[in-house]
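A.B. asks: For chain F, the structure is supplied; the task is to place chain R on it using the hints.
Protein sequence lines correspond, in order, to chains F and R. Okay, so the first sequence: first residue is 0 according to numbering that gives the first Met the number 0, each after it adds one. Okay, so the second sequence: first residue is 0 according to numbering that gives the first Met the number 0, each after it adds one.
Incorrect hints may appear among the rest.
[Said to hold, decoys possible] The calculated DSSO-like cross-link candidates involving lysine-lysine, where the alpha carbons are at most 30 Å apart (straight line), are: (1) R:211 <-> R:188; (2) R:153 <-> R:361; (3) R:361 <-> R:402; (4) F:256 <-> F:333; (5) F:104 <-> R:398; (6) R:402 <-> F:104; (7) R:211 <-> R:579; (8) F:104 <-> R:546; (9) R:546 <-> R:154.
Treat the hints as calculated values from the structure; they're not laboratory data. This structure is a prediction, so every number in the text was calculated from the model and none was measured.
Below are the chains, spelled out letter by letter.
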Amino acid sequence: MQSDFEFFINGNSHRGGGTPAQWGLLDYLRENRMTSAKDACDRGACGACSVLLVDSDCRQRPVLRVVNACQLTLPMVAGREIWTAEAMTGGEEEHPLQKALSECKQFSCGYCLPGFSMAFGEIYENPVKTCSSGPLLPAVGNICRCTGYWPLYSALNELLRHEKMSTNKSQAGFLTSSCDGLLPAFAYRDQVGDLFYRPGTLTEALRLLQAHPDSKLVAGGTAYSSSRQFSPRSKASRRTIISLESVTELRQVAREKGQWQIGAAVTIRSLFDALAGKFPLIAQMASRFGSPQVRNRATVGGNLALAEHDSDLVPVLLALDAQVVISNLREQRKLRLEEFLGGPSRTVLSRGEILKTVLVECPDSTAREQDSGRNLSGFYKVSRRHHNDRAIVCAAFLVALNEAGRVSRARLCYGGVSAQAMRAYEAEELLTGALWGPKVARKVAISLRQTFPAQSDDMASADYRNAMAGQLWRKFFAEHRTPGQYTPVDGGLVENLLPFETHRETVEDG
Amino acid sequence: MASIHPDTRGCPSDSEKAVFADDADAVRGMLEAALVLAPYAHASVNAIDIQEALKLEGVHAVLTARDIPGQNNLSTEFGQMPLFAEDCVSFHSQPVAAVIADNFVIAREATGLVRVDYKPRVPVLGIREAIAVQSFHGEEQVLQRGDVNAADEKKLSEINKEFTVGGQDNFSLETCVALAEPGQDGKIKLRTSVGDRGFVRRGLAGLLNVEKSDIRVERSLVGGYGDTSAGALIAPAIAALAAKLSASPVRIGLRRETGVKLTAKQNPVSVIIRAFHDSSACIQSVECAVHLDGGWQIDQAASVLCNILHHLDSAYFFPNIKVSGRICKTNCLSSTSSFSNGTGIAALIVEEIISEVALHLKMNPKMVRERNFYAPGSDRAVTHYGQNVDGLRLRDAWKRVTKLSSYEDRLREISEWNRTSSFAKRGLAVVPVKIGCGASREEAKPVQAGVCLFADGSAQVTCDGVDAGEILRRSVAVIVEEELGICGASVRIAAGDPDQGAALHCDELYAEAVLDACRQLRDRLRMIAAARLGESDVDITDIMELKFSEGGVSDPEHPDMPVSLSEIVDRAIADGIDVKATGCFNALEVLGDRNFRDFACGAAAAEVLIDGFTGEVTVLRVDIVQDVGFQIEPVTAKNLICSAFMRGLGWLTCEELQWAANGELITGEVDSYRVATAGEVPRQFNCELLASQGRYPKDPQAAAFCLALSVREAIRDGIAAFGGAKPGLILPLPASPEAVYFTIETSAP
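One chain only, chain F, in its complex shape:
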């Protein structure tokens, strides 16, 4: 148990000893005169507090990730390295990105700009793309009221294009890092006795969980952070946080015995990097999931354990027939994801248990390549904004056809419509064994409109949600019945939106 810890900001060593364990990174930055990170929404929605975190990617290589400082507590960055926008202006040489942004004659009050330079910095500073950033649009998690965005993206575009042409200068590495992005195990006790544990193994995590039955498990902390600050503190009890970020086995995506094993602490971004090429559903989902900042912190396990009704991830994993492995100190159990989800915002996780891995069958590559059988899949999400928004309704569809053109397997999974994410069993039954075509598709669409006890809220009415349950299916059918006919301009409704290529260097996966 330590009463102090070290972390690095802009290359300087900082000490966290003496600070409350619940304290936010944003609070620390601002109190220590690094005010480029702004406190504008305090719930990870606006990107004004963006900083760069040295993290490790899905293959444990160091990589810079843009994150919202308001979504991290200080002990979460123990032993880690942070870069703020001050690093781009403080030195003798102005950062090229910073220069580009200040010279582009945008009209801006300057309040949100440091956040943009961080979000763009993730694109600019990572020397080698570990994967193509593909459809992950940069900086859609940053809100700006002044510039209208266009001038900022044009500046970035210009800069990247210019540097692509000039060969003699190093493009990145302005923020030099000495850190490998890996996390040592760690435990901290603050002055009032609040505890923060970051165990290195699952067993250790389970032991801690047993020793502190009232503790809270966190991984990325995106959901935890917004509830953290103002929860009234009962004076008698200590607050204990157990972070799963250092448990290596929970941070890996590995293939074993025809299955992909996805660690519960794998971020949505890492999931995308590892499996986007294998599962189109995952690629489509990740590109619409939250914002870049949230994707870089939110984890697969955290999202499943919260079991929110409008999760983008849950329908996709339901469609892929995912299983989950749950551990306690004595044993492991394996459940189907449906069984794991116990009801609205509920799971069957009981005291002393940790969600360990998510298992997904490897797509059968041979079957896919044969002309006779086909797998059709698609992820759809309707929201009030194209990006950085919650789903009004999202859906993941997976339909396998056999040689005769009949449906051999169907998964129609929805989020957002009703109080919990769920499969549309009735519709799946209608489909299974039927000849794939407009007749059955229509029947299914009618059934879907009545399947769910839809809810109304400030985003949409129940009527609209019910309608969308059927409409998203109709859209899926229209797109897959005669490929290419429906799909309008540029291949998608929201992608390819920005006037530039985000990839500077694409390294083929593998």
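C.D. replies: Just chain R now, with coordinates in the frame of chain F:
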């Protein structure tokens, strides 16, 4: 090190680097405040019990109306507003008390311990309820020309429409923050996110019962577009009051959800239209009654309403017109001028009429627009308030945008595409706008600006205006460069007297005053320049034609032999010639009997793609052409246009203010009030300016904001492409996926 490039923002002079209010260094021994907010939109306050709250460890004081040394009033030029609800709560979340404690967490906890005995009363929520009980601020305003009833007899087609236009929040990212420090001399030092320092001093002096000069407001950067409604003064007032009473520094940082519930909005408007047109789409008469939700207190509603009524013609000449407006008194937040000061609402209403005529006659709305344009130089050139629109470059902009957007070709291509696509449709629309520019009669006030030259060839401008988004600084720098040949980088801007500062959005006035000062200086320096050129054996063709450019003065015939400006200034100083000049601009004098100094105009063509399955809209392309008068840098103007356009687009497509049944604002967070992200930016955005004309810059932002209506009209066009767009179609606002989806579903055959 505070903001990312502090030295270029907020126009500080060299010695005075401004930062955002909350980014300044913390003060030792600082206390923090939190507010007790009323849970009713309308209630009597019988008693307030603060004893429990005071018992909590770390609480220093609980302030209510009784603790105010002066009057319980924040005064602005638009009226008065109590800081704390005293006997009566007039809107939901009105502050009733403030807790001052060691830190915010304690203060916030203590707010829950303040017991307030309320007696709820029936609130008036919304325009309809206000009309039902005849609850209004002030009298009905009417502008009228011709006879709108004469049309009845001429066998014209009649149009009737009734709808509501939703509101918008300024929603600057910076939250409301204030930090007050009591000085030993009884003065109070304030740092606040409210940008207009004079506004703060005027608003607080009566409350604190001190002289304005006893309140020292530090210069800060302003996040977003600032707010000059009375609600913005709540944070600085509480900080100052608490600091004065507790003799400690006090900070108040309103969390977003709280700040949003206290500050004025661009409130909703309900509209009733009756218009008559003939079979050739000429609109003969328009009658329009507008009700603006003025909230609980008049604030800026009168100015907004006045501006709406003066823009209910947009780019069109209506021979007979009667526009009337009333401000409803409700238990809602008060109304502010927001981004377009009502012009966006007015243009939207007018385009509703146009599109309705087009639907009636099954014509392309573009033709209906052209039929009804103002025609400068003809008998269709006078507005309904009697001002001539000569010089309006509407036709130029219209022709140019049609060409720039390849309108005709794309119209054909799109209708072809729509024929083969059953589930997705594209829509195309081109929309004009005319905006009265320069401060209107209501806002016009005389302003001053000083320009001082230095022997190193640089200049300093002293200016009282409040700069939001750097517009003022840029336009001032451009004017100094144009007039005196001093490059923008050598122009510094210093703060003037905060008490003289006009409100935000008066950049044009100051630009005029700077122009005046520059011309005075030019006149003074001409003689010296001529003498110096003479010494270098340059023949002067005409002393009035000397060219001030690139840091020097030269004869137009001999541009290669300039004298440097620094040399001239040096000589002038030696000769005792004053190199400081004060420029004045009195907008009222210039206006004469006109309502606006001039008109700006523009046109935009927008194309959208509508997903028929879901109602989602993607903006594919936007082309804009605008007249910005005396042209500042094209890049600058284009970026300004883009910025205002995106705010208009947000208002029309994704931003939505929603209230619970009890009158509480429920869309107060960044994730529930949806400001457009980069995901909403048009995929293609082209912008052109008409060639520079005249000597006045025209703020391009109000027109650009209104031109986002091209997207709304393109959505309407796309919906029509799904078939069955019938007359009477009301396109909801904002055009959310749900709204568009149900509009298609209900209107399609």
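A.B. asks: All hints, please: hold or fail.
C.D. replies: Evaluated hints:
1. R:211 <-> R:188: The hint holds at about 12 Å.
2. R:153 <-> R:361: holds, 21 Å
3. R:361 <-> R:402: Roughly 24 Å between the alpha carbons, so the hint for residue 361 (chain R) and residue 402 (chain R) holds.
4. F:256 <-> F:333: Holds, at roughly 16 Å.
5. F:104 <-> R:398: Since the Cα atoms of residue 104 (chain F) and residue 398 (chain R) sit roughly 29 Å apart, the hinted pair holds (cutoff 30 Å).
6. R:402 <-> F:104: OK: residue 402 (chain R) and residue 104 (chain F) at ~27 Å, within 30 Å.
7. R:211 <-> R:579: holds, 28 Å
8. F:104 <-> R:546: Judged against 30 Å, a Cα distance of about 27 Å means the pair holds.
9. R:546 <-> R:154: Roughly 63 Å separates the two Cα atoms, so the pair is violated.
In summary, the one numbered hint that this structure violates is 9.
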